[in-house]
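Residue numbers (numbering that gives the first Met the number 0), protein chains in the order written: chain R, 0 to 57; chain W, 0 to 257.
Since the hints were derived computationally from the structure, they do not count as laboratory data. Some clues are possibly wrong.
Unchecked claim - Derived contacts from chain R toward chain W, CB cut-off under 8 Å, selection only: (1) Gly2; (2) Leu4; (3) Phe16; (4) Leu31; (5) Ile33; (6) Arg38; (7) Arg43; (8) Leu46.
Beta carbons are placed, not taken as given, at the ideal position from N, Cα and C, and that holds for glycine.
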Amino acid sequence: MTGGLADYFAMGGYAGFVWPAYAVALAVLGGLAIHSWHRYRASRDALDRLQRPAGARR
Amino acid sequence: MLSTLANPARFMRLSGGALPWLGGVTLVALVVGVAWSLLLAPPDYQQGESVRIMFIHVPAAWMALSVYLFVAVASAVALVWRHPLAEVAAQAAAPIGAAFTLVCLATGSLWGRPMWGAWWVWDARLTSVLVLFFLYLGYIALVNAFDDASRGARAGSLLALVGVVNLPIIKFSVDWWNTLHQPASVMRLGGPTIDVSMLVPLLVMAAAFGLLFLWLLLLRMRTALNERKARALRLYGLPGSDATGIGEPVAAARPAWR
């Protein structure tokens, strides 16, 4: 912790491995989370439309 | 019949209440875990800062194995007891397990290059985890390969069960064969050999990944149940409505949630 921020980001020379590892995890797990969330919202909205047709029967 | 319908309904009610809380706790755990791993944990005396890859790689590997076990147990329950939620759970979990396995393989590769001098080696541990990844993909492909969803689910369940033999192979590969991969340092007889300053963030990340799995599992199961219900409604109309009056299919033809 001598050279401050730049030193930290250099990760003792392993920057090219440490940061991509965290980036890959974020991309894969974050991507799955976002995709799953969008599909969930879509499925819920589609079901709502089916259960409450225009001019509600009930 | 009634209880079969009631279970998914009860699941939807309970999971709907749990989902936002689970999501919030998961997010907090992930932020704390990543901050601890990147800022607070000390560099290793041999591996330097590259050891920070461990905080992603090892929990991802644990999840890759546990999620597969979950898929296999759920598949067994689906095959034996035909519990209506078991197949839904197995199919919702498989892509999550595949994602954790991919993260494990990719971070392992990024860690292997500086430490071993190779992105990839065909040794027992790495190869058996790659096989696990293909088992996940095979399960997902097989489930979706049939026009008849219930046949796809059965075929997938059988594959998931057969694939269980791979789990002990992965776990003990580092003991059975000569490999570059280091042996277990946390889940071993006689306790962990890893220092507490690294063990704690490792366990926080493991808990965060576990929570992430639960949140994603509930989310994806709810999605599947919504989609099934919507499909049934499109085919058979609203229960009690006379919109489809004539030609209402006999009850036996209804795919009651299955």
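* Classify the hint on phenylalanine 16 of chain R as holds or violated, based on whether any CB of chain W lies nearer than 8 Å to its CB. => Hint on phenylalanine 16 of chain R: holds, closest Cβ of chain W at ~5 Å, below 8 Å.
* Once the shortest beta carbon distance from isoleucine 33 of chain R to chain W is found, is it less than 8 Å? -> It is violated, given that the least Cβ distance between isoleucine 33 of chain R and chain W is near 11 Å, above 8 Å.
* **Cut-off 8 Å, beta-carbon criterion: hint that glycine 2 of chain R touches chain W** => violated, 13 Å
* **Residue hint leucine 4 of chain R, partner chain W, criterion CB-CB below 8 Å** => violated, 12 Å
* Go through the hint on leucine 31 of chain R and say holds or violated, using the shortest Cβ distance to chain W against 8 Å. => holds, 5 Å
* **leucine 46 of chain R as chain W interface residue, shortest Cβ-Cβ below 8 Å** => Cβ of leucine 46 of chain R sits 5 Å from chain W, so the hint holds.
* Is the interface hint for arginine 38 of chain R satisfied, with its Cβ closer than 8 Å to some Cβ of chain W? -> holds, 5 Å
* Report holds or violated for the interface hint on arginine 43 of chain R, using the least CB-CB distance to chain W and a cut-off of 8 Å. => holds, 6 Å
Going down the numbered hints, you'll see the structure goes against 1, 2, 5, while the others check out.
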